Amino acid sequence: MKPTLLLGTRKGFIAYHFLNNQWQVENCSFEGVAVSIAYADPRNGTWWACLDHGHWGVKLQRSKDRGQTWEEVAAPAYPEGEEVKDGKPAATRYLWSMSHGGSHFTQRLWIGTDPGGLFMSEDEGNSFQLVQSLWQHPTRKEGWFGGGRDLPGIHSIVVDPRNEDHIHIGISCAGVFETTDGGKNWAIRNKGLRADFLPDPNAEVGHDPHIVVAAPGNPDVLWQQNHCGIFRSTDGGMNWQDISESEGPARFGFAIAVAEDNPNQAWVAPADSDMIRTAIKGALRICRTDDGGKTWKQLRNGLPQENCYDIIYRHALVTSGDAVAFGTTTGNLFFSPDRGENWQVINNYLPMIYSVQFVD
Amino acid sequence: MPTVKFTYALKRFFPKLKDTAIAGNTLTAVLQEIEAGNPGVCKYVLDEQGHLRQHVNIFIDGALIKDRTTLSDPFTENSEIYIMQALSGG
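The listed protein sequences correspond, in order, to chains A and B.
Numbering that gives the first Met the number 0 puts the first residue of the first sequence at 0, with every later residue one more than the last.
Numbering that gives the first Met the number 0 puts the first residue of the second sequence at 0, with every later residue one more than the last.
One chain only, chain A, in its complex shape (with noise of 0.2 angstroms):
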């Protein structure tokens, strides 16, 4: 397990460390500023915030010495004239996800924004580009709508460890892009997915992939918690596969986490439903399988099962060899030891908390 957590939360930044048995603070920062994401980059450990101002817009802060000093860094901007639909000027509104670009392109980052533009910086974040080819997609000013935000957002960059230039990204409302040469062209990806809230649930686009992410262990084994079920690819995203639990609970939710060592082993954090965005019944539940999706086992051992109000958001749920750890909208933070057989509370009075990262 890595031993430090990273928490991007409705009122700062938090660190916390495991030290002799025992989670303890490390670091806060940003006291009272939105962190709508926390990223440690693990090529050289450099901390990323992705600061939501609210009234002074977005900010991106870098620390090389683990939150003890911050530097403000140019956040994506969108050029003069780009809009968002026609009339609609584009600006940033949200920084939603980050990712390195990989070993072979030591200098390349990715940001995901609201209003759905992916940025790509070259020079280790100093500056950043909207990726014009995506921006441009024939299917984003008509097809591409808000979901869970007011407008398009890109909540999901994974990278493929063997060929770096080989990316799918998650966008909600659109679905899963793919590109192969490194951002220059995208295929649309949603192929076996069904988006209920639409006319057509089989439309080629407007998708809702609340999180997408790949297997560690076999890249082309790709997972999806979406808003219609829970979807697993083992094509690379070409098909995708429903193995939501029709009667039980791991359908409806917002994150998921895929062993390191497993690509068949994951973990998803159901609410009850699109409906009613609350713990199931009161009961606070991860439901994890060890067989690809064909079926699950709900995780109770250690989390409150009354009185519950709790979900978790997409990327608060996170997996590190045997540990597992997720943040709650009701600022609580647990941790198991053991895929998540037992749970232990590291604290019950945090923020709202959107991001959590295993780091070093």
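Where hints are given, some of them may not hold.
[To be verified] Straight line, CA to CA, 30 angstroms or less: simulated DSS-like cross-link-like pairs of lysine-lysine:
hint, chain 1, residue 1, chain 2, residue 2
1, A, Lys10, B, Lys15
2, A, Lys1, A, Lys63
3, A, Lys63, B, Lys15
4, B, Lys42, A, Lys87
5, B, Lys10, A, Lys10
6, A, Lys296, B, Lys65
7, B, Lys65, A, Lys84
8, B, Lys10, A, Lys84
9, A, Lys140, B, Lys42
Derived from the structure by calculation, the hints contain no laboratory data.
Quantities reported herein were computed from a predicted structural model and do not represent experimental measurements.
Mind docking chain B on chain A? Use the hints.
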């Protein structure tokens, strides 16, 4: 020269900001002058298209400006320009 006053909330990020008389015939010119002394501050007040951010207000002599897009509201030599935060959020 008009006097420009700032919300205390901006001073968290730009501690050197202080109420000051600033030359300029347009709001844009005034903001550019402030930017010169406080690099980066305009990105807190305006978005990348140059529009006033949704939760920022500018008052000229007590009246909220009307043109949040091109910042064309007029003012005089003796005007007071307030850059304020809207009260929102929780």
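Taken at face value, is the distance from the CA of lysine 84/A to the CA of lysine 10/B at most 30 angstroms? violated, 35 angstroms
Restraint status (C-alpha distance of lysine 63/A to lysine 15/B at most 30 angstroms): Roughly 26 angstroms between the alpha carbons, so the hint for lysine 63/A and lysine 15/B holds.
Given the proposed pairing of lysine 65/B with lysine 84/A, does the C-alpha separation stay at or below 30 angstroms? OK: lysine 65/B and lysine 84/A at ~24 angstroms, within 30 angstroms.
Take the C-alpha atoms of lysine 296/A and lysine 65/B, compute the straight-line distance between them, and say whether it is at most 30 angstroms. With Cα atoms ~58 angstroms apart, lysine 296/A and lysine 65/B exceed 30 angstroms; violated.
Would you check the hint for lysine 140/A and lysine 42/B, treating anything up to 30 angstroms between C-alpha atoms as holding? holds, 26 angstroms
Verify the proposed pairing of lysine 1/A with lysine 63/A, using a straight-line Cα cut of 30 angstroms. holds, 18 angstroms
Sort out whether lysine 15/B lies within 30 angstroms of lysine 10/A, counting only the CA atoms. holds, 25 angstroms
For a C-alpha distance cap of 30 angstroms, please report whether lysine 10/B and lysine 10/A respect it. holds, 19 angstroms
Hinted pair, alpha-carbon criterion (30 angstroms max): lysine 42/B, lysine 87/A. Please report holds or violated. At roughly 19 angstroms apart (the allowed maximum being 30 angstroms), lysine 87/A and lysine 42/B satisfy the hint.
Against the hints set out earlier in the document, violations occur for numbers 6, 8.
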